[in-house]
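S.K.: For reference, the chains in residue letters:
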Amino acid sequence: MAIDIQKIRSDFPILHSEVNGHPLTYLDNAATTQKPQSVIEAITQYYTTYNSNIHRAAHHLSSLATEAHESGRRTVQRYINAEHEHEIIFTRGTTESINLVAFAFGEAFVNPGDEVIVTQMDHHSNFVPWQMMCERRQAHFRVIPFDENGELQLEVYENLLSEKTRIVAFNHVSNSLGTVNPAKKMIDMAHKVGAAVLVDAAQSVQHIAHDVRALDADFYAFSGHKMYGPTGIGVLYGKERWLDAMPPYQSGGEMIDLVTAEKTTYNKLPFKFEAGTPNIVGPIGLAAAIDYLNTLSFEDIQAHEDQLLAYGRERLLEIEGLRIYGNAKEQSSILAFNIEGIHHYDLGTLLDTQGVAVRTGHHCTQPIMAALGIDGTVRASLALYNSMQDIDALVTAIRKALKMLGR
Amino acid sequence: MESIQALQNEIIEDFSFLPQWEERYAYLIELGQKMEPLIEEYKTEENIVRGCQSTVWLHRECIEGKVHLLADSDSLIVKGLAALLLKVFSGQPAEDVLAADLSFFAETGMDQHLSSQRANGLMAMIEQIKAFAAKCAANEP
Ligand SMILES: Cc1ncc(COP(=O)(O)O)c(C=O)c1O
Numbered sequence: 001m002a003i004d005i006q007k008i009r010s011d012f013p014i015l016h017s018e019v020n021g022h023p024l025t026y027l028d029n030a031a032t033t034q035k036p037q038s039v040i041e042a043i044t045q046y047y048t049t050y051n052s053n054i055h056r057a058a059h060h061l062s063s064l065a066t067e068a069h070e071s072g073r074r075t076v077q078r079y080i081n082a083e084h085e086h087e088i089i090f091t092r093g094t095t096e097s098i099n100l101v102a103f104a105f106g107e108a109f110v111n112p113g114d115e116v117i118v119t120q121m122d123h124h125s126n127f128v129p130w131q132m133m134c135e136r137r138q139a140h141f142r143v144i145p146f147d148e149n150g151e152l153q154l155e156v157y158e159n160l161l162s163e164k165t166r167i168v169a170f171n172h173v174s175n176s177l178g179t180v181n182p183a184k185k186m187i188d189m190a191h192k193v194g195a196a197v198l199v200d201a202a203q204s205v206q207h208i209a210h211d212v213r214a215l216d217a218d219f220y221a222f223s224g225h226k227m228y229g230p231t232g233i234g235v236l237y238g239k240e241r242w243l244d245a246m247p248p249y250q251s252g253g254e255m256i257d258l259v260t261a262e263k264t265t266y267n268k269l270p271f272k273f274e275a276g277t278p279n280i281v282g283p284i285g286l287a288a289a290i291d292y293l294n295t296l297s298f299e300d301i302q303a304h305e306d307q308l309l310a311y312g313r314e315r316l317l318e319i320e321g322l323r324i325y326g327n328a329k330e331q332s333s334i335l336a337f338n339i340e341g342i343h344h345y346d347l348g349t350l351l352d353t354q355g356v357a358v359r360t361g362h363h364c365t366q367p368i369m370a371a372l373g374i375d376g377t378v379r380a381s382l383a384l385y386n387s388m389q390d391i392d393a394l395v396t397a398i399r400k401a402l403k404m405l406g407r
Numbered sequence: 001m002e003s004i005q006a007l008q009n010e011i012i013e014d015f016s017f018l019p020q021w022e023e024r025y026a027y028l029i030e031l032g033q034k035m036e037p038l039i040e041e042y043k044t045e046e047n048i049v050r051g052c053q054s055t056v057w058l059h060r061e062c063i064e065g066k067v068h069l070l071a072d073s074d075s076l077i078v079k080g081l082a083a084l085l086l087k088v089f090s091g092q093p094a095e096d097v098l099a100a101d102l103s104f105f106a107e108t109g110m111d112q113h114l115s116s117q118r119a120n121g122l123m124a125m126i127e128q129i130k131a132f133a134a135k136c137a138a139n140e141p
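So the sequences go chain by chain: A and B.
Residues 1 to 407 in this note's numbering are what the first sequence spells out, letter by letter.
Residues 1 to 141 in this note's numbering are what the second sequence spells out, letter by letter.
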């Protein structure tokens, strides 16, 4: 059954607003998605009826808040099919999830001369933390390049892998190219040499299959705000045996068991990695977002987004001099492009005056831009509430912008 | 030469005839298109203004206590913004450049419309011009 796009759009209040005197066409979903009414209400309800600190007090509100927060953990667990609830660690977002692993895994398992592999198409958040860890641990930092279609060169990856490889980190979907990387295959290759794998799922968990056990991912990181949930909440999934063997990342309240001046012992998972009062409402809002997604069928969401993507590519390529970056066999949700002789900033600015929100620049992926020999692109990124009309609005606005720019 | 304030007032007046941002951008683009491209030998690494999505070059000279500026960018809108700054500042005494408050940004609403977009590098350009004016006023090379 196809999804009812009008119904979905009516669930997202912001989509009915105007920007610069035009109805909003929101195509910056890879940066952050809009929130359905149910998420907004879950957050409001928390603050108006049961706001309280969790895991500590004996009073009624605290137990309500604790239950809602922990129920959010179970909702996330089911959404990504993790084996255990305590394998779900709440963070601020993908960036913090990756930093946590880069630090704690590095401390526990990476020694001088070891190797860490990332890709040339990773977000700075999945690039720099590993580079810093390699400096700290005197390990070697290796990068898998991509080819002219925006696909990773797996034969290079194969050669980089060795018994020295401790961990491989890559994004499932690239935020700048839209490439869907062959995650399962890459994970299996890493496991053959005994390396762990972190999947940056920031751009995939809301668009494509997201089953950590089917993937056999060791770590899996994503952000609530990119999947229709609130900002400031993210998830790190880690296999129990890794998490148990890793030292804490931050310390303070919540993460301790016994504290004395001689020695402190740590709390059990997941709290070992959740120092301090957490973002209490975050998991509540995130669970509401997942509940919302669960009212739809994921196949339908994917079919809808794929159809939009294909339509978007076709319409954009009608524009003379337009070049799309990212032509992998498998693509998701991203339309990144430039038009000959036109600066991406000018185009993005003129789209904004027409109510069309896109992002321009390097999208936190300078290594990609360097490989492509450009300094940025215009990026339209899709979500489940986008429609064919949004694509048409984008194309119409581009044509008008081109006229203004003397083309 | 007109004062910095008088030149700013002219810009405020120009913009008052263009209430829509779309028209304003069209105007900025036109200014950008009209501005002489910078000669290649001035497009040096040193002249690049950092902090912009587009590449901006700002060539600065201090002649007898006056600030002389040339600029270019690969973005037409940014080039138009640079043209406004050049109109206001280039050829002015360094002390005046240093002392100038850029009221035209607030009065045209440009500060609000553009400030969210750090990307355009307007603030970075102004900082560079002011820093250069300070040197020029102090007679430093
Ligand atoms: C692929 C990818 N990884 C990581 C991140 C960082 O996510 P966050 O800023 O939510 O931590 C992003 C966000 O742009 C992303 O697209």
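Be aware that one or more of the hints could be misleading.
[Claimed, not checked] Now the in silico label distances, taken between C-beta atoms and shown as ranges:
hint, chain 1, residue 1, chain 2, residue 2, range
1, B, Gln5, A, Asn51, 48 to 54 Å
2, A, Ala370, B, Glu140, 31 to 37 Å
3, A, His191, B, Gln20, 27 to 33 Å
4, A, Thr44, B, Asp14, 51 to 57 Å
5, B, Ile39, A, Arg323, 28 to 34 Å
6, B, Phe17, A, Glu340, 28 to 34 Å
Honestly, the hints are just simulated from the structure, not real lab data.
Glycine is no exception: its CB is placed at the ideal position from the N, C-alpha and C atoms.
S.K.: Work down the list of hints and note, for each, if the structure agrees.
M.R.: So, going through the hints one by one against the coordinates:
Here the CB-CB span from B/Gln5 to A/Asn51 is close to 53 Å, well matched to the stated 48 to 54 Å. The hint said 31 to 37 Å for the Cβ distance between A/Ala370 and B/Glu140, and at roughly 36 Å that hint holds. At roughly 58 Å, the beta-carbon separation of A/His191 and B/Gln20 lies outside the given 27 to 33 Å, and the hint is violated. For the pair A/Thr44 and B/Asp14, the supplied restraint of 51 to 57 Å is violated, since their beta-carbon distance comes to about 46 Å.
At roughly 30 Å, the beta carbons of B/Ile39 and A/Arg323 sit within the given window of 28 to 34 Å. Taking the beta carbon of each, B/Phe17 and A/Glu340 are about 33 Å apart, inside 28 to 34 Å as hinted.
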